[in-house]
Structure formats: structure tokens, C-alpha cells
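**Q** Start from chain R and add chain X according to the hints.
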Amino acid sequence: MRFDPSDAFTSAEPASEIEAYRKPPVTERKTAPELNGIVRLLTCGSVDDGKSTLIGRLLWDASPLYDDQREKLLKETASLHGASRPDFSRLVDGLVAEQEQGITIDIAWHYFDTPHRRVVIIDSPGHEQYTRNMATGASHADVAVLLVDAQAGIKRQTRRHLAILDLAGVRKVVLAVNKMDLIGWNKERFDAIVDDFVNSVARFPRLSWIAIPVSALNGDNVATRSQAMDWYKGPTFVEHLETVGAREDNAHESFRMPVQLVLRDGKGFRGFAGRITAGTIHVGDAVSDAISGRSSTIASIRTMDGDLEAARSGQSVVIELADHIDVSRGSVLTTEKGEVRTGRGLEARIVWLANEPYSSTQGYLLRTATDMVPVASLKILGRLDLDTLELSEAATLEPNGIAEARIDLARAIAADRFTDHRGTGTFMLVDAVTGAAVAGGVIREVSAGAAAEKGAFLLSSELLWRGLCSDLAEDDTDGEFRRRANEVAIILRAAGVSVEFAA
Amino acid sequence: MTKPLSHLDLLEAESIAILRESAAQFKKLVFLYSAGKDSTALLHLARKAFWPQKLPFPLLHVDTTWEFKEVIEFRDRTAERFGLDLLVHINEDGVARNINPVDYSPSVYTDVMKTVALRQALDKYGFDAAIGGARRDEEASRAKERVFSLRSPGYRWDPRKQRPEMWNILNGRLGQGETMRIFPLSNWTEKDVWRYVAREKLDVVPLYFAKERPAIERDGQVFVINDDRPFLRPGETPRLIKTRFRTLGCWPVTAADKSDASDIDSVLAETLAARNSERQGRLIDHDTIGAMERKKEEGYF
Numbered sequence: 001m002r003f004d005p006s007d008a009f010t011s012a013e014p015a016s017e018i019e020a021y022r023k024p025p026v027t028e029r030k031t032a033p034e035l036n037g038i039v040r041l042l043t044c045g046s047v048d049d050g051k052s053t054l055i056g057r058l059l060w061d062a063s064p065l066y067d068d069q070r071e072k073l074l075k076e077t078a079s080l081h082g083a084s085r086p087d088f089s090r091l092v093d094g095l096v097a098e099q100e101q102g103i104t105i106d107i108a109w110h111y112f113d114t115p116h117r118r119v120v121i122i123d124s125p126g127h128e129q130y131t132r133n134m135a136t137g138a139s140h141a142d143v144a145v146l147l148v149d150a151q152a153g154i155k156r157q158t159r160r161h162l163a164i165l166d167l168a169g170v171r172k173v174v175l176a177v178n179k180m181d182l183i184g185w186n187k188e189r190f191d192a193i194v195d196d197f198v199n200s201v202a203r204f205p206r207l208s209w210i211a212i213p214v215s216a217l218n219g220d221n222v223a224t225r226s227q228a229m230d231w232y233k234g235p236t237f238v239e240h241l242e243t244v245g246a247r248e249d250n251a252h253e254s255f256r257m258p259v260q261l262v263l264r265d266g267k268g269f270r271g272f273a274g275r276i277t278a279g280t281i282h283v284g285d286a287v288s289d290a291i292s293g294r295s296s297t298i299a300s301i302r303t304m305d306g307d308l309e310a311a312r313s314g315q316s317v318v319i320e321l322a323d324h325i326d327v328s329r330g331s332v333l334t335t336e337k338g339e340v341r342t343g344r345g346l347e348a349r350i351v352w353l354a355n356e357p358y359s360s361t362q363g364y365l366l367r368t369a370t371d372m373v374p375v376a377s378l379k380i381l382g383r384l385d386l387d388t389l390e391l392s393e394a395a396t397l398e399p400n401g402i403a404e405a406r407i408d409l410a411r412a413i414a415a416d417r418f419t420d421h422r423g424t425g426t427f428m429l430v431d432a433v434t435g436a437a438v439a440g441g442v443i444r445e446v447s448a449g450a451a452a453e454k455g456a457f458l459l460s461s462e463l464l465w466r467g468l469c470s471d472l473a474e475d476d477t478d479g480e481f482r483r484r485a486n487e488v489a490i491i492l493r494a495a496g497v498s499v500e501f502a503a
Numbered sequence: 001m002t003k004p005l006s007h008l009d010l011l012e013a014e015s016i017a018i019l020r021e022s023a024a025q026f027k028k029l030v031f032l033y034s035a036g037k038d039s040t041a042l043l044h045l046a047r048k049a050f051w052p053q054k055l056p057f058p059l060l061h062v063d064t065t066w067e068f069k070e071v072i073e074f075r076d077r078t079a080e081r082f083g084l085d086l087l088v089h090i091n092e093d094g095v096a097r098n099i100n101p102v103d104y105s106p107s108v109y110t111d112v113m114k115t116v117a118l119r120q121a122l123d124k125y126g127f128d129a130a131i132g133g134a135r136r137d138e139e140a141s142r143a144k145e146r147v148f149s150l151r152s153p154g155y156r157w158d159p160r161k162q163r164p165e166m167w168n169i170l171n172g173r174l175g176q177g178e179t180m181r182i183f184p185l186s187n188w189t190e191k192d193v194w195r196y197v198a199r200e201k202l203d204v205v206p207l208y209f210a211k212e213r214p215a216i217e218r219d220g221q222v223f224v225i226n227d228d229r230p231f232l233r234p235g236e237t238p239r240l241i242k243t244r245f246r247t248l249g250c251w252p253v254t255a256a257d258k259s260d261a262s263d264i265d266s267v268l269a270e271t272l273a274a275r276n277s278e279r280q281g282r283l284i285d286h287d288t289i290g291a292m293e294r295k296k297e298e299g300y301f
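One line per chain: the protein sequences are R and X, in this order. Start counting the first sequence at 1; every next residue gets the next number (my numbering). Start counting the second sequence at 1; every next residue gets the next number (my numbering).
Only chain R is shown next, with the shape it has when bound in the complex:
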């Protein structure tokens, strides 16, 4: 339990001070039946910056937190000597076995509704292993709040956090300059911190940002406008969250849908099921399958609730095509032929998540949104230094490290460059034996891949159809053929033989 010695609110009558917090919360308790979308917020910063206090304050002031949860916090805090207000950080840190749980990648999810919007808080711990935690949290976030202590200003850690956010694809950042109360609500000091931040953020041209002076402890500019800082004219933190853009705002981009399943009704209907990751489609639009390169037009967009005329990014649908083309799980549907790249070679940045370092003799699988393929070879090109953003030579990759890598796959996949399309530009590496996810990656370039590696075993599908897979129906709808082919490749790879699939 930390107490701030300079806390101006500490008084002779702590109990009555706390009583004041029993009054009803600021926001209306009732929220609309349907909210205006979802915004996912990643919180970055350490305990010392007041991160848990900020989240707790958000939940206390802006969310319809339940009375039993409020009462529990008041009771817990009232029993602590000298407490003058609830310890808001307990709302997030209150888990009994938080420390004992020992989850390797440790992310907690909190949910609340403003009167207009769902806010999801993604909280990753700020300890030394934070890179992999933060990258994992950032992969789900629309916006990140970087918390800095107004007394300390921008630290090296803040710059490293920016690098991780940029890498994981977070494009919107809130710089929350916290503990403004402890520097006398000083505008000049705030401006100096923002100037310093401008220098740090200039290296990341894709990031857009806003700076807000706050006092998480007192609630200033969190959910309620600060009376002490009338010089600040921008939005409060909650006002900003209600209007900031979310992931699904990419409906104007070109269309992408990774195919999850082929669904049939037994009466001739055959549709491709998936969740649209970018763009908007209409019945009659031309559609191309990235893997086969074949094109058709959209005959119908089906759901259980009836046919749709159009569908947009974020929706899960079933698409029926006018022509019978052979699309299967793992492919990506798009409107413009040749737009989605296909190839066996990837240039990528990867963050190593596992406790065991990368090993060149271990078998790995690469998993995209809906595809999975054995890795033929993976070469670490260099380790990324988060301070200088430069690559340094490295042969392997330790937990928490970020590296640039060259990956060759046993067969071609359909994918995009991450900076072009977030939903189809990422992957995870999976240990082929244990099944554990060992790394996450963003694709920088897709290429045909190097000519077949010398000594690589060419696994032909004809051979598989005649032997191992001769029991399967030719129209293999479950992807069992592909599954068996993958397993053969994994076994060979584990024995030290590089494998490639021949058509």
C-alpha cells in the first residue's frame, strides 16, 4: 500500500472524508441498449506513474460500477489508517492471487460503458518483462494511453513504449501527464513535457496523439473537467475515448475476408464463412480468391437473419459466389485480383513470447487468421534495439526480444503487408510439438520465396493422395488432407529434413 505524503486531502477526520465518496457517481447509471461501437484501450506505464489509480478512477467515475463493489472498496480503504479517499488502484489490483497466479503473458481485461460507448481496458503489467506483455495487449488495442508522472517527465521507458506500440499497430496515443496536483497544476511544466514528447514521437509518423493533463487521484480531466486547470481547453480523457476512432473504421479500405469454413445446406448451397477484416462489399461485386487466383462475383451475402445487400468490416458473414471456384479455409477473399500477396517467403518483425529462446532445430508452425503452415526455415536477421530502433546482430532470440526475421514456409500463404492491412498482415509462431504460441509477428513483405532449399524434401500432393490420404473424399471439405500434409512435414522437420510442398 502506497501513500502519498504530500496528499493535501489528508485530514484529521479521514472517516468523514471517505463518507463523501458514498454520494452517487457522476455518470447516469442507465446506458443505451446498443452502444456506439467498442474502443479498446491499452494502458502503458508503471505503478509509480499511477496507472492502476487512473484505471480505478475511470471505473469509479465513469462506469456503472456496482454498489457492492463500491462499498467493498470503501470498507477496505476506511480500515487503513489515515486514508482520506478510496484507494482506486484496488479496483484493478484487488485480485486475491494476482501475484501468485503466475500467468506468463499477463493481461487483465476490464469493461465499462460510458453513456455512448463500450470501453475495454486492456491492462498489461509494467514490470521488466513488459515488452511481450505490452506487445500482446497492444495487438488488441485501438488506442493506448501512455502515463507519465508530471514530476519525472518523459523517461526512456516512454520512448520504448512508443516503439512497441508502433510495431504492434496501435496508431492512436493519449499522453496522460499525471499527478498535475503535485506540480501545482503548472501549465509551463506540462508544456515542457509535451515538447519533450514531440521529439520522441516524431520518429513514428504513423502515430497520432493528444496530450491531456490529469490527476488520476483527484479525478481531474479523467471523467470530469478540472477546475484547477482552466488553461486546458482540450477534451477530458473520457470525452476523448467517446470519439476516438476504432479498428472497424477501415470499412472504406479495399475488401479482405480470410475464409474460415465452407458451409453447405445439402441442397446445393455452398458459401464461404468468415469475418470481414477490411472494406465493404455489395452483392454483384467482383471477388477474387488470393490462393487460386480465380475470380467470380458475389451472388448473395447470407446470414441466419436473412440476406444482406452489403456487409462491412467487422461483420461475420457467409458469401455465396456466382461461379463454382475452389476456395478453402486459409484463403483470403478480396475484390481486386492480385491485391493480396501470396508467397512462401516472409520478411517480418517478431516479438518472442515464450520462456525458451528461439531454436533453429525446433519445428515451428506459422498461423495466420485462418491458415496454418509448417515453417521450412527461419533466419534471425537482427535484434531490434528499442532505444535506437536499429538492428544489432543476433543469431537467436531471447524471451522479450524483438527481431527482424526471414521466414520460408513449406507452401504459399495469402497475406498483406501489416502496414497496408492489419487483419491479414499478422501471424503467430507455434511450437509444432507442444502447440504453444512462441512468437507474434507482423509482415513487412511477402515474396515468392527462395528457390527450393538444397536438400529440401519435396512432398508431392499426388503422393499423399495415393498413399496416406487415399481414404479421403476428393472433395476434402474438412481440410483433413492439409492437416495430414502438415503433420508429415512436422515429423520430417523434427528429424532435421526441410520440407516443401509440391503441387
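Just so you know, not all the hints are guaranteed correct.
Stated by the list, open to error - List time: in silico DSS-like cross-link candidates among lysine-lysine, alpha-carbon distance up to 27 angstroms:
(1) X/K144 with R/K267
(2) X/K28 with X/K54
(3) R/K72 with X/K211
(4) X/K27 with X/K54
(5) X/K211 with R/K75
(6) X/K28 with X/K48
(7) X/K48 with R/K172
(8) X/K3 with X/K28
(9) X/K28 with X/K124
(10) X/K124 with X/K69
(11) X/K201 with X/K211
(12) X/K124 with X/K161
(13) R/K172 with R/K187
(14) X/K48 with X/K201
(15) X/K242 with X/K69
(16) X/K201 with R/K72
(17) R/K337 with R/K379
(18) X/K3 with X/K69
(19) X/K144 with R/K75
(20) X/K28 with R/K267
(21) X/K54 with R/K267
(22) X/K161 with X/K201
(23) X/K242 with R/K267
(24) R/K172 with R/K233
(25) X/K201 with X/K27
(26) X/K201 with X/K54
(27) X/K124 with X/K27
(28) R/K172 with X/K144
(29) X/K144 with X/K3
(30) X/K54 with X/K144
Derived by calculation from the structure, the hints in this document are not laboratory data.
**A** Below, chain X alone, put in the same frame as chain R:
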């Protein structure tokens, strides 16, 4: 340009995508069905996910033998209505030993009739993955739960083995002896489930709606008497109280709320304005500090 999606549209689409990934990645899936509101919403999502096909997995209900009779009726009616493959499992050993919620503490009873019973059923059918309706907002120990939650041999939840999940990629590859629990409603809140039940006009167990029911008040909580098995203590006499349930467990250990909300619109309004959290009415959670966390490690759903 099409209309922007509401938060409920997005949650629905995400859950459908999770259900489709589950069907694509596992060999022998099962849907853990309790007939409660979360199961009801999830079943509806599953029907949407695979439409126009039938569900590619059976439903499994772990019957503790102390369920509300309305729940059992609803379960059977639902299976009939949608032509579902329903499996019911009871821990017969627990029945033989008369492990019941009246004489035993909630933790012992739940362990035998729910946790052990579920393990027996999973073993019996050899399922490699089980879909359930748990949500991260239900309880603090679930705030860190994954969508694909790995279970070590023996269905144990090992914190060190929980896998990182990034972007929209779900990894269902299993190691030797491992199984998966899948939570498509991870990002839903209690309010969302009721919003969805109302929007989609879903039929739910009538116990969620207020009605005068024979009940007693004990230690400040209201218990509805559901059958004539021994439950009443000396001096307790049931009287009619207008009640409804926010959560449905075994009847002797699930407290009801006094309420006048007798239809879906008033239940939704009451839920959106609720002042107390959902699990207050479940005795199991209050049994000991950190109870849910240990239950999870032991394999309770």
C-alpha cells in the same frame, strides 16, 4: 456505405468467428450447455455461426440433480425445438453417496456434482475441446482468462501454460493429453447478454422473470422452494414472494431477487440500472476467499 456496427453487432460477429474457428480447429468438440441466459445467447450465436448447416457438435448438460425443474423443462424443449444432439451426464457415484447442497458445503457439493461430473463426461466421450459461456466480467479471477483456455492433462488450468493471444489469431493446437476450453462470450458483460436476449427475442427460462413463488428468507437472502426435498429449517415456512433470478444454479444455493420485472423489457431495464453485481446471489462464490480461482484450477467451469 453500410451502417456503422453497434457494440452488440461487433460482439456477435466476434463470437461467431470464435465458434467457427473452434469447429475448424478441433476434432471432437462439445458445447457445455446449462440452459441459463448465457448458454441461451451462446446457442443462438452457434446456430448463426454454422447456418445453414446444423451444429457440428453435441450439447452436454452436467445435471447436478438439484437443478430447478423449469431449467430441465427448458433444456429439453430447446433441444427438441432446434433438433439438437443433447447429452446429459449425472455423477451417479455422487448420487449414490447422497452428496447434496443441503447437507454439504457449497464447495464440496460443487466439486462432486459439477467439477468431477464434468471430468467424468469429458473422459467418457473423449472431447478435445469444450465451448462454454463464461465471461471475463463475471468475477475478478476471470479477468485474465483467454478465449482459448488450455487445460493440462486431467483438465487442470495451469497458469504458466496459458498461451498468449494476439490480434485475431486463435491457436488451438494441442500437446499430448491437453484439451481446450473455449469462451466465445469472453468480451460480453451481463448487460450485453440481456441486451442480446431482448434484441434477438430469445426464449429464456421463465425463472428470469418475476412471479410469485413459494420462498423463504434466510440470512437476508430469498430462496425459492423448487421441490419437496428436505431444505427447510425449523421455524421456516414458505410464503409467496414476487421474485426473479439473475443467475441460475442449484436451487438450494441460488438466491433470488425480489423484483417486479416480469417481462424482457423490464428485466433489461432492471439489469441496465442494477446496483449490485451478478454473482452476489451465488453461495459458492462467497464460500471462501478466492473460491473461484481455486475452482478454476480444479476444472470448475
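**Q** Need the list of violated hint numbers for this structure, in ascending order.
**A** Of the numbered hints given earlier, those the structure breaks are 1, 3, 5, 7, 8, 16, 17, 18, 22, 23, 25, 29, 30, listed in rising order.
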